[in-house]
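The number in our numbering is simply the position in the sequence shown, starting from 1, with 11 added.
What the hints contain is simulated information worked out from the structure, not anything from laboratory work.
Predicted model, so just to flag it, every value in this text is computed and none were measured.
Among the hints, a few may not be true.
Derived DEER-like restraints, expressed as beta-carbon distance ranges [claimed, not checked]:
1) P30 - V64: 38 to 46 Å
2) V64 - H35: 31 to 39 Å
3) E31 - L52: 15 to 23 Å
4) H35 - P13: 18 to 26 Å
5) G61 - E31: 21 to 29 Å
Note that the Cβ used here is the ideal one computed from N, Cα and C, for glycine as well.
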Amino acid sequence: MPVFLAPLTSALVALALDPEHAAHLAYISGVFGVLIGADILRLKTIAALGTPVAAIGGAGTFDGIFMTGLLPPISLIVKRQGWHAFTT
């Protein structure tokens, strides 16, 4: 999955659902979406590895969560100043 897919999707959906709390909603939904999609839904494949210890996460999950933490403030800027803040 591309690194910016989860953060951009969560920010856009949050802006559409609740513009007043878009940054909060984008952060929470983005982080939980990455953790659930990248870790919890893959527990069966981790069990199939046959190793006694497996660490979930890794750079792919970290990148998704890190970028999700950076992009919600952009939705706050968009909400407060409008799209013209990016075009001028």
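Is it true that H35 and P13 lie within 18 to 26 Å of each other by Cβ? This hint holds: roughly 24 Å between Cβ atoms.
Could you check the hint for me, namely that G61 and E31 are 21 to 29 Å apart, CB to CB? violated, 49 Å
In this structure, is the beta-carbon distance linking P30 and V64 contained in 38 to 46 Å? holds, 44 Å
Taking 15 to 23 Å as the hint, is the beta-carbon distance of E31 and L52 inside that range? violated, 31 Å
Hint says 31 to 39 Å; check whether the CB-CB distance for V64 and H35 agrees. holds, 35 Å
Hint check: violations occur at hints 3 and 5; the rest are consistent with the structure.
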